Amino acid sequence: MEILPRIADELQRGEDEEVRSLTESALEQSLEAATILEEALIAGMQVVGDRFRVHEIFLPEVLLAARAMNAGLAVLEPHLGKADVPSRGKIVIGTVQGDLHDIGKNLVGIMLSGAGFEVIDLGKDVSPEKFVNTARETGANVIGMSALLTTTMPTMRKVVELLKAEGLDGSVRTLVGGAPVTEEYAREIGADGYGFDAASAVERVKALME
Amino acid sequence: MMKRVIDISPAEVAPTEEGVLRALGVPPDQPPGERVRQMLAEALEAFHAEAQPRGVFAEIDAREFAAVYEGEGDNEIPSPLAAIFPRAERLALFAATVGAPLSERIAALFDEGQLALGATLDAAASEGTELTGVHLDRVALDEARRAGAADAATRILRYSPGSCGWNITGPRALFAALGPEEIGVSLNASCLMEPLKSISGVMVMGPVETHDFSNDYGFCEDCRTKDCRSRIQNLR
Numbered sequence: 001m002e003i004l005p006r007i008a009d010e011l012q013r014g015e016d017e018e019v020r021s022l023t024e025s026a027l028e029q030s031l032e033a034a035t036i037l038e039e040a041l042i043a044g045m046q047v048v049g050d051r052f053r054v055h056e057i058f059l060p061e062v063l064l065a066a067r068a069m070n071a072g073l074a075v076l077e078p079h080l081g082k083a084d085v086p087s088r089g090k091i092v093i094g095t096v097q098g099d100l101h102d103i104g105k106n107l108v109g110i111m112l113s114g115a116g117f118e119v120i121d122l123g124k125d126v127s128p129e130k131f132v133n134t135a136r137e138t139g140a141n142v143i144g145m146s147a148l149l150t151t152t153m154p155t156m157r158k159v160v161e162l163l164k165a166e167g168l169d170g171s172v173r174t175l176v177g178g179a180p181v182t183e184e185y186a187r188e189i190g191a192d193g194y195g196f197d198a199a200s201a202v203e204r205v206k207a208l209m210e
Numbered sequence: 001m002m003k004r005v006i007d008i009s010p011a012e013v014a015p016t017e018e019g020v021l022r023a024l025g026v027p028p029d030q031p032p033g034e035r036v037r038q039m040l041a042e043a044l045e046a047f048h049a050e051a052q053p054r055g056v057f058a059e060i061d062a063r064e065f066a067a068v069y070e071g072e073g074d075n076e077i078p079s080p081l082a083a084i085f086p087r088a089e090r091l092a093l094f095a096a097t098v099g100a101p102l103s104e105r106i107a108a109l110f111d112e113g114q115l116a117l118g119a120t121l122d123a124a125a126s127e128g129t130e131l132t133g134v135h136l137d138r139v140a141l142d143e144a145r146r147a148g149a150a151d152a153a154t155r156i157l158r159y160s161p162g163s164c165g166w167n168i169t170g171p172r173a174l175f176a177a178l179g180p181e182e183i184g185v186s187l188n189a190s191c192l193m194e195p196l197k198s199i200s201g202v203m204v205m206g207p208v209e210t211h212d213f214s215n216d217y218g219f220c221e222d223c224r225t226k227d228c229r230s231r232i233q234n235l236r
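Here the protein sequences line up with chains A and B, keeping their order.
Per the numbering used here, the first sequence starts with residue 1, numbered consecutively.
Per the numbering used here, the second sequence starts with residue 1, numbered consecutively.
No lab work stands behind these hints: they were computed from the structure.
Computed from a prediction, not measured in an experiment: that's the story for all the values here.
It cannot be assumed that every hint is accurate.
27 Å max Cα-Cα, derived BS3-like pairs, lysine-lysine [unchecked claim]:
| no. | chain 1 | residue 1 | chain 2 | residue 2 |
| --- | --- | --- | --- | --- |
| 1 | A | K158 | B | K3 |
| 2 | B | K3 | A | K124 |
| 3 | A | K90 | A | K206 |
Restraint-style ranges between C-beta atoms, simulated for each label pair [what the hints assert, rightly or not]:
| no. | chain 1 | residue 1 | chain 2 | residue 2 | range |
| --- | --- | --- | --- | --- | --- |
| 4 | A | P78 | B | A108 | 18 to 26 Å |
| 5 | A | S30 | B | E112 | 30 to 38 Å |
| 6 | B | G218 | A | G190 | 17 to 25 Å |
| 7 | A | K90 | B | A108 | 36 to 44 Å |
| 8 | B | R229 | A | A165 | 33 to 41 Å |
| 9 | B | S9 | A | D169 | 27 to 35 Å |
| 10 | A | S87 | B | S230 | 40 to 48 Å |
| 11 | B | A108 | A | E17 | 20 to 28 Å |
C-beta atoms are modelled at their ideal positions from N, C-alpha and C, and glycine is treated no differently.
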């Protein structure tokens, strides 16, 4: 097997040491770092996302694949110029104020990174002001908000309203998700998108970028 | 019932591999591969090394609890708990935690980019926190039975702010009444508990019918998990 598909294959199996070693070998074979990133690491992570979306694999396998991707990235980073890194866009993500549940949000971040997006993770208990200010300061294209509690969902509406009040609703799109959040709720609060799960959130972000 | 502070050994509330996988959303019929098993083992080892499970509970009468539940007046009206707690034989405020070092370890793993182990340990810690709550349930029920205040038919179920219409500001009144700072649990400005892996709320004791409620609250429609139904079913 050629080395790039092999890296992608080992990434899918979560073999971080193999991915590290094969990525080093690929560089030694004079393959471009950007090519290795795009055609092995991101391509492998894309398959992981697809298989996760159809429930062929589950969160632990995604986490191991992400770890393997990071192992490969660590090898590539010194060889990647800023212009080489294919960034599909910049996303600010966080769990809304008053909510501490962030496994889903973390997974969205992992899969967005794997899909080539630049992710700014604000963590949990994030205020509407912090979401909006960070998006403005970093020039982010999308704000992704997660909530697990019905009682914290209203903060999502506050973020949407604050973006409008600051005149940013045209340039910064919003995506919401989390166990109690529905497509209807997203529409009701004026969010631009809804992610049922991490994999569909990535697809929605891609659509919002088009 | 006096206010009781309970120190618990990590082994008593350690989650199982199956519990952690469930918390990570893996269906029970999906056997984990070798790499996943290694990660689980590493997370459970960290749980045993870092967890410091503690809990506190204190009995409260229905009139006093009504004031705690009312809190800052932001609860959903009506709500299941508002109908359930007046029917209870006994009520007790509670808080439980697996301690700050475990939460700090999880945060450190995420900061270091060790997302896989961080998320697995996070799931293990969530399971351990819930099992610490279950341990408190057992102690409270045993004590009530020994005191002749509960019988074999008595069941116990916990309700927490943030769920079932109890507003997320609920912990303020709850903490003022219970004082869980004694076990190292405090509230931040957003009413989130610190350490992160902590729970608080009210234990409701009574026959299983105490917890029955019709599933027609507006906010229940927004809830995708509906895990209250399985929790009530498990009491039977």
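Hints and how they fare:
no.: 1; hint: A/K158 <-> B/K3; in the structure: violated, 40 Å
no.: 2; hint: B/K3 <-> A/K124; in the structure: violated, 32 Å
no.: 3; hint: A/K90 <-> A/K206; in the structure: holds, 11 Å
no.: 4; hint: A/P78 <-> B/A108: 18 to 26 Å; in the structure: holds, 25 Å
no.: 5; hint: A/S30 <-> B/E112: 30 to 38 Å; in the structure: holds, 32 Å
no.: 6; hint: B/G218 <-> A/G190: 17 to 25 Å; in the structure: holds, 20 Å
no.: 7; hint: A/K90 <-> B/A108: 36 to 44 Å; in the structure: violated, 26 Å
no.: 8; hint: B/R229 <-> A/A165: 33 to 41 Å; in the structure: holds, 40 Å
no.: 9; hint: B/S9 <-> A/D169: 27 to 35 Å; in the structure: violated, 53 Å
no.: 10; hint: A/S87 <-> B/S230: 40 to 48 Å; in the structure: holds, 43 Å
no.: 11; hint: B/A108 <-> A/E17: 20 to 28 Å; in the structure: holds, 22 Å
Checked against the numbered hints above, the structure breaks hints 1, 2, 7, 9 and satisfies the rest.
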